[in-house]
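Q: Required output: the full structure, derived from the provided sequences and hints.
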Amino acid sequence: MRTLTLGLLALFVASTAHAVEYTTVLPKQSRVDFEFRQMGVPVKGGFKRFTAQMAFDPARPEAARAQIDIDLASIDAGSREADEEAAGKLWFNRSAYPKATFVSSSVRALGDDRYEMRGTLTLKGRSRELVVPVRFVPGKTAAGFDGSFILKRLDFGIGEGMWADVATVANEVRVTFRIAATGK
Amino acid sequence: MPDRYTPPAIVLHWLVALLIFVAFPLGVYMHELPLSPRKLQLYSYHKWIGVTIFLLVGLRLAWRATHVPPPLPAGIAAWQLRASAIVHGLLYVLMLAIPLTGWLMSSAKGFPTVWFGILPLPDLVEKNRELGDLLAGVHQTLNFALLGLVILHVAAALQHHFIERQPFLQRMGPGGKAKEST
Chain W
1 MRTLTLGLLA LFVASTAHAV EYTTVLPKQS RVDFEFRQMG VPVKGGFKRF
51 TAQMAFDPAR PEAARAQIDI DLASIDAGSR EADEEAAGKL WFNRSAYPKA
101 TFVSSSVRAL GDDRYEMRGT LTLKGRSREL VVPVRFVPGK TAAGFDGSFI
151 LKRLDFGIGE GMWADVATVA NEVRVTFRIA ATGK
Chain Y
1 MPDRYTPPAI VLHWLVALLI FVAFPLGVYM HELPLSPRKL QLYSYHKWIG
51 VTIFLLVGLR LAWRATHVPP PLPAGIAAWQ LRASAIVHGL LYVLMLAIPL
101 TGWLMSSAKG FPTVWFGILP LPDLVEKNRE LGDLLAGVHQ TLNFALLGLV
151 ILHVAAALQH HFIERQPFLQ RMGPGGKAKE ST
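As they're listed, the protein sequences go chains W and Y.
Note that our numbering has the first sequence beginning at 1, numbered continuously upward.
Note that our numbering has the second sequence beginning at 1, numbered continuously upward.
Careful: at least some of the hints might be erroneous.
As the list claims (entries may be wrong) - Keeping only pairs whose Cα atoms sit at most 27 Å apart, straight-line, the calculated DSS-like set for lysine-lysine is:
no., chain 1, residue 1, chain 2, residue 2
1, W, K48, Y, K109
2, W, K44, W, K89
3, W, K44, Y, K109
4, W, K140, Y, K109
5, W, K28, Y, K39
6, W, K124, Y, K39
7, Y, K127, W, K152
8, Y, K39, W, K89
9, Y, K109, W, K89
10, W, K44, Y, K39
11, Y, K109, W, K152
12, W, K48, Y, K127
13, W, K44, Y, K127
As the list claims (entries may be wrong) - Here are the in silico distance ranges between beta carbons for each label pair:
no., chain 1, residue 1, chain 2, residue 2, range
14, Y, T66, W, S148, 42 to 52 Å
15, Y, V125, W, T176, 34 to 44 Å
16, Y, H31, W, I150, 25 to 35 Å
In case anyone wonders, no lab produced these hints; they're calculated from the structure.
Built from N, CA and C at the ideal position, the CB exists for glycine as well.
A: Right under this line is the structure:
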């Protein structure tokens with residue numbers, strides 16, 4: 001009887017521990033990076049400032065939602081020269097479009113802590129549907145939500161005019177992110 | 001009489017000279033350009049040439065180590081022989097050090113070198129802006145030292161040939177046996 005009670009208790013604790021809903025994003029432990037090729041040379045970059053809101057309950061992944069707003073002025077495009085260039089009209093046209101925004105629309109569990117998140121990315125006034133794979137990495141104090149996907153820069157008019165030549169700067173940009181969050 | 005360098009030594013000498021004469025002005029020119037696809041292309045070409053020079057100079061050194069250069073004409077002053085040995089030594093050092101600093105600078109600036117856009121060279125240093133700027137300064141300084149030495153090298157060869165009237169230029173000159181027999 002006593003063992004059964006303990007057993008039930010353990011089960012209860014385990015299930016509540018698992019039922020944490022992750023809602024508080026930790027900006028300092030989160031990253032949004034990218035990598036692209038120019039003349040066959042891999043160049044790394046990233047965004048230093050972004051805000052993210054999310055809600056994710058591993059017990060109800062289909063109810064999960066996420067939004068991320070990236071401050072495009074915080075870009076590291078690989079060099080000072082490239083950072084300045086990226087602000088211009090041919091690239092992000094940052095004075096007119098200071099932010100990139102992703103808003104999720106649905107989340108599907110693929111099993112094994114893997115999920116597929118659909119949503120809309122709005123960049124430079126253009127909105128495109130994205131399918132982003134996300135891996136849930138539970139941790140002691142915070143969980144990580146990791147993913148990586150290929151974005152085609154020309155879909156959003158990033159790099160127009162002379163920069164539209166993909167032989168010099170590739171169209172494909174690999175975006176890699178880690179969003180760290182704690183639950184309540 | 002072996003008063004000429006061997007054909008491979010001559011070919012390598014002029015090939016490296018030609019590549020330096022392309023890479024040097026290209027480096028000066030591209031540096032001043034505003035960012036554009038053209039600039040990125042030129043930087044890549046410059047780096048590809050630099051890697052090629054480095055490899056060819058390695059080949060030259062290997063050849064030089066296994067083949068005795070032709071003797072110099074008699075009557076060259078001892079100080080000139082010493083100066084010549086020093087200048088040649090420094091030219092070799094710079095022809096290796098300049099591509100090397102260029103490669104390290106590229107890595108430090110976060111733009112790895114990919115030879116002909118195909119073969120990636122490893123990054124020997126991490127991305128680091130201060131180090132990148134420092135290496136850029138070193139690369140530039142070494143290049144102007146090279147320019148000075150090349151001027152000295154060419155001036156000395158011309159001086160021996162045309163002013164002192166010593167048979168000199170054919171030592172490293174292109175051309176066949178006709179010249180050699182005169």
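Q: Check the structure against each numbered hint from earlier and tell me which ones fail, lowest number first.
A: 4, 5 and 15
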